[in-house]
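The listed protein sequences derive, respectively, from chains X and L.
Quick note: the first sequence uses our numbering, first residue 843, plus one each step.
Quick note: the second sequence uses our numbering, first residue 2, plus one each step.
There's no promise every hint is true.
Claimed, not checked - Per label pair, the in silico range of CB-to-CB distance:
1. X:Gly882 <-> L:Gln57: 26 to 36 Å
2. L:Thr99 <-> X:Asn904: 21 to 31 Å
3. X:Ala844 <-> L:Thr21: 26 to 36 Å
4. L:Asn68 <-> X:Ser847: 31 to 41 Å
As the list claims (entries may be wrong) - Here are the simulated lysine to aspartate or glutamate pairs, EDC-like style, with alpha carbons at most 16 Å apart:
5. L:Lys71 <-> L:Glu30
6. L:Lys74 <-> L:Asp27
7. L:Lys103 <-> X:Glu886
8. L:Lys103 <-> X:Glu943
Hints in this document: simulated from the structure, not taken from any laboratory.
Even glycine gets a Cβ: it sits at the ideal position worked out from N, Cα and C.
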Amino acid sequence: GAGVSQTPSNKVTEKGKYVELRCDPISGHTALYWYRQSLGQGPEFLIYFQGTGAADDSGLPNDRFFAVRPEGSVSTLKIQRTERGDSAVYLCASSFAGNTEAFFGQGTRLTVV
Amino acid sequence: AQTVTQSQPEMSVQEAETVTLSCTYDTSENNYYLFWYKQPPSRQMILVIRQEAYKQQNATENRFSVNFQKAAKSFSLKISDSQLGDTAMYFCAFEMRTSYGKLTFGQGTILTVHP
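Please construct the entire structure, taking both the sequences and the accompanying hints into account.
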């Protein structure tokens with residue numbers, strides 16, 4: 843596609859529920875990144891994929907968070923047993939491997955009530 | 002660990018004037034990149050300008066330029082001839098050369114351009 847696409851744009855869920863956030867990177871980009879941006883803060887790194895594998899998942903806050911990229915393109919960020927503190931904008935970015943310019947999507951705003 | 006600090010939560014400027022946004026960072030690394038990103042209300046992060054730490058020459062992109070002081074670990078953004086469309090949140094970010102895509106962001110500065 844023309845840019846990084848994230849769906850849904852907004853998601854409201856109840857505490858304790860499971861959610862999936864989807865990211866469609868720019869075609870041909872092998873690197874994909876997830877960030878979390880809490881209100882009034884800068885984005886924080888969660889995980890980086892190179893192809894199908896997670897090259898760096900050091901930013902995932904706990905084992906309730908998991909991400910996959912089974913075919914090296916679309917990625918899904920999965921959050922189990924959501925908590926109110928998970929409320930944030932989740933940003934996805936992609937780039938060519940080894941290129942420092944990452945292109946961001948418009949994010950998914952997750953609200954846990 | 003790297004840290005990035007933006008000490009100006011909010012800034013304002015008149016249209017056509019010049020404004021400078023401040024950023025300092027802390028790292029023990031020698032090879033890294035620095036960035037300024039713009040985030041309008043649409044939430045999409047847009048790259049404004051990038052600086053390689055090994056380059057002494059300050060990066061420029063049209064109306065945007067940086068003042069990179071490596072010894073002082075300072076990386077400020079100057080916006081000349083400010084336009085209403087420059088109104089947004091601006092983030093300074095750091096990336097180690099060995100960790101592509103793993104950006105450390107500052108807290109952001111809200112810039113408002115007044116007509």
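Against the structure, the hints:
In this structure, X:Gly882 and L:Gln57 meet the distance hint of 26 to 36 Å, their C-beta atoms being roughly 35 Å apart. Between L:Thr99 and X:Asn904 the CB atoms are about 26 Å apart, so this pair conforms to the stated range of 21 to 31 Å. At about 33 Å, the CB distance of X:Ala844 to L:Thr21 agrees with the hint of 26 to 36 Å. Look at L:Asn68 against X:Ser847: about 36 Å separates their beta carbons, and that is inside 31 to 41 Å.
With a CA separation close to 11 Å, the supplied pair L:Lys71 and L:Glu30 stays within the 16 Å bound. This hinted pair checks out: L:Lys74 and L:Asp27 have alpha carbons roughly 7 Å apart, not beyond 16 Å. Pair hint L:Lys103 plus X:Glu886 holds up; C-alpha atoms about 9 Å apart against a cutoff of 16 Å. For a cut-off of 16 Å, the pair hint linking L:Lys103 to X:Glu943 stands: about 11 Å separates their Cα positions.
When each numbered hint is compared with the structure, no violation occurs for any of them.
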